[in-house]
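Given chain C, work out where chain P should sit, using these hints.
Chain residues, written in single-letter form:
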Amino acid sequence: MNIFLVLTFSGVALGAIYFLAASGLSLIYGLMDVLNFAHGLFMTLGAYAGYEIATRLPSSLGAPTLVILAIIGATVVGALAAGVTELILIRPLYGKPISQILITIGLDLAGVGLLMGGFGSTALQIPVPLWLIEPTHIGGLYLPNASFLAIGAGVLVLIGLEMFLALTRYGIIIRAGVENREMVRALGIDVGRAFTLVFVIGGAMAGLAGILYTIVFSGDLVSPNQGDSLLIFAFIVVVIGGLGSIRGSAVAALAVGLLQQYTSFYIGGHSGWAQIGDLSTVLLLAVVLEWRPRGLFGRVA
Amino acid sequence: MRWPSRRAGLLVGAIVLGLFIVLPFIGLHVPWVLPGTLDIVNSTGTLEVLALCFMFAGVAVGYDMMFGYTGLMSLGPVLYFAVGTYVFDIALTHWGWSLFPSLLVTFGVSLVLAVVLGAIALRVHGIAFAMVTLAFAQAFYFLVESNPHNLTGGDTGLSLSYTRMPSFLSGAVSNTRNLYWVALAFLVVAYLIVWLVTESVTGHVFVAIRENELRLDVLGVRPYRFKLVSFVVSSLIATGGGIVYILVIGTAVPSVVASTTVTLSILIMVVLGGAGTRWGAVVGAMVYVYLQQYLDKVGAEPTFTRLPAVLRVPLSEPQFLLGAIFVLFVFFAPGGIAGLVVRRRFRRASAATLLSAFQGLRKGGGG
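Residue numbers (the numbering used here), protein chains in the order written: chain C, 13 to 313; chain P, 34 to 400.
Mixed in with the good hints there might be a few duds.
[As the list claims (entries may be wrong)] Taking beta-carbon pairs under 10 Å as the criterion, some of the chain C residues facing chain P (in silico):
| # | residue |
| --- | --- |
| 1 | L47 |
| 2 | L105 |
| 3 | G107 |
| 4 | L114 |
| 5 | L119 |
| 6 | L153 |
| 7 | L155 |
| 8 | F247 |
| 9 | D290 |
| 10 | L301 |
Please keep in mind that the hints were generated in silico from the structure rather than gathered at the bench. All C-beta atoms in this analysis are idealised placements derived from N, C-alpha and C, irrespective of residue type, glycine included.
One chain only, chain P, in its complex shape:
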């Protein structure tokens, strides 16, 4: 489907990107949007939250390529995210490597793991695929928790050593602004990769796999290799996200970076924003991470603690609110935020575009 306002979408994207690039120089005071000490937009805290938003947005758009475009519901993206944080962290901290070899080995490990585990997991379809990827990710979590050769630090986690880091990146607090740009650059690169792939012939095969894998098989195109490509590229983007995470946060704890909760968060971000739309995943991730941080802060505000328990208990649990919002979205707006925007456009569209769009939907709606 090509919307007449595609160029408008590009323009909006470019303006938003430009604003985010210069944002660290703007010392605006926004009292309600950001709670507590975060209400100055270029404060360290705000920039860190935004960096997390960008990082997850990049991972989410990579996941969208696999889930939204190829129709592969992997429940294991956290594995490659955690490989990013841990291998990179171990290379720098334990082995004392410098930045570029560390990056190289991290992506190398991730590539090998994604190819091998993806090849095994893709032998099964649908729900079984989801469960197998979940099990592999869980295995990695167990591995990290068991602290082999004291490499991962087990439950207590592993802090990043900055001794071999270039000075403009060292220290999560002193260089927040640079890390913010690194995270933004990661998002832009991830988005460009997903854009190029999904708009290419390969990307069209992805969508064909999602819609009707059997038909593709009959036509003589083997879906297996394409699914593996989608899985591997998406996993490498998740690894990039993991690297950005450890740079921004500075410490890796298994329950935060390696547990299934991360996978579910990524899945929720993509569905919340609208699967199969690219920009929807970005918006979904930004909204999700922002809400998570915001609700956490609001729950601790003094006006809040005076509420009766029936209201205070549910409202001060971000996990409950995000879960509930997600359920409502799946129920009432299955197309996510992107779906809502497109639906508004549908209403405004002329009868002719509506008709052609409808035919396009029917053609594609075989699955």
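Just chain C, same shape as in the assembly:
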């Protein structure tokens, strides 16, 4: 039973990171019809920005400060990279969704190539404070502190995003745009600015997801391809949740994270089944699509 609870806890933490990665993708797709492959690059960039901050700044600042700065830096770099991408590469190609997808694929390849050239393809270690590695003892369970960080970030972002979309003017424009972009435009509202904003928000969450994945699940290691492998699961979450739905992403991320942890522990131990955790997410996708081709929370077009 204890093992089950610990698995549940780390499944929720993994789900939180998937949510951060997927909700931005889902919003971007919902509003702009762009399948953003460069999201993987934004995640990797966030992780490398965190690495640079944590290793370049004087260690006299103390490890906790450095990690907080690294997380903030990763978020900012992700947001900046996404904003610039939208303005320079996506904006001139409005109305050509295939070209926009292709551009993001090219950008992802080029960016990851550059990171490989600059940092090398071997993984680099981010220094983190000891308390992030240690577990907390709660009622007979040892729960890793880093997972609390991921869950906290996921919950905060979910609440913040829902409030932003429900209460602010731009949030309402974005929601309206996801429902019916042409109508919003016909009402004389500049959707273009909302496009950039959605990219910036998505990029910020991607950067955050990138650094948190590094700290919580990859043993503080940063490597050039980590964002792209995370991106696959983000795609799966987005499709299961229903393209364009934040709540759908949240539910699907949780389901995928939990399923992955349970199956890889309970079945993955047998020889030849090591990858069952990853495989099960694809099976879940196939089952959900057979049952609801538009995903759990997808709109009926």
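Structure of chain P alone, referenced to chain C:
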């Protein structure tokens, strides 16, 4: 659109094909085109690079039929490519089968997988289709990586055993020339299949699906089956490519033959050459594979390592350069290499042909 120089295109194709057929007998020395030890055109290294070019060109032209003609953006061709390498490799190496049963079972497995997975994936449209095919391909990658029953060798890969192979194909090094011809023959067969299909009635339905699927549905033609046919034929061609790959390279490693990178490469080849043109995909693939090999070699040359880091780091990463070239093409030449050639012809064309071509474009430009 029928261009007056269609016959000229055929002639150029035939001449290039003839040259490639006899190339292994020509010991020309080309210092700049091929770097390092590859500068003799019929050396083992050069022939191997060219065989890879042909193999990818065949896969790309098959993908072009699905993506360029039918408008299905699958992100899973690597699945069928990897089925080709792994099933064929396993049949020969682990089960000790001879060549023809191995070929048969490989295409059989690929056919069943393509029909079943294609039928599931085609239930959704557009981007969701792209993501579902991506997920299936990724599932196969995970499967190969996990090394079930020690069949695939996991991360370390699986080398091809040549014991049951006919002698003219055994050994990647000693028979490079024969393997080169096998790869070229594969390209010719793939091209002919795609040509026959796209020029047939079925092919015209493919284009109609790309342009306006709803209209076709209203007319009483069910697009679903046609899309499945396009998907399955394209997948079988990818499987053929996978078989040629394992014959030429001799070993299958998941990160090289089963990862999404392969899918993206194929997509880039087709777009770079010009989607929906057949020959564009072939040219795109040849250019892509050649550049990949060339840039890799050039990056290691001594004159290069003396450059300042700002220039050396980006220029010695083939992935960066190919990605950047691709972005530039999508931005400035969305029709790819074929589009550039056709555009030049546009300028030279008389007003009458221009007008008729323009009307053809407008008629077809509904999607």
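A quick look at each hint next to the structure:
1. Look at L47 of chain C: its Cβ gets to within about 5 Å of chain P, closer than 10 Å, so that hint holds up.
2. Interface restraint check: L105 of chain C against chain P, minimum CB-CB distance 8 Å, threshold 10 Å, status holds.
3. For G107 of chain C, the suggested interface contact is broken, since its CB lies about 12 Å from the closest CB of chain P, more than 10 Å.
4. Residue-level restraint check for L114 of chain C holds (minimum Cβ-Cβ distance to chain P is 5 Å; threshold 10 Å).
5. For L119 of chain C, the interface hint holds, since its Cβ comes within 10 Å of a Cβ in chain P; the closest pair sits about 6 Å apart.
6. This hint is violated: L153 of chain C has a C-beta 30 Å from the nearest C-beta of chain P, more than the 10 Å allowed.
7. With a least beta-carbon distance of about 28 Å to chain P, the hint placing L155 of chain C at the interface is violated under the 10 Å criterion.
8. Taken as an interface hint, F247 of chain C checks out: its beta carbon lies about 5 Å from the nearest beta carbon of chain P, inside 10 Å.
9. The interface hint given for D290 of chain C holds, since its Cβ lies 4 Å from the closest Cβ of chain P, which is under the 10 Å cut-off.
10. Here the hint on L301 of chain C is kept, as its CB sits about 6 Å from the closest CB of chain P, short of 10 Å.
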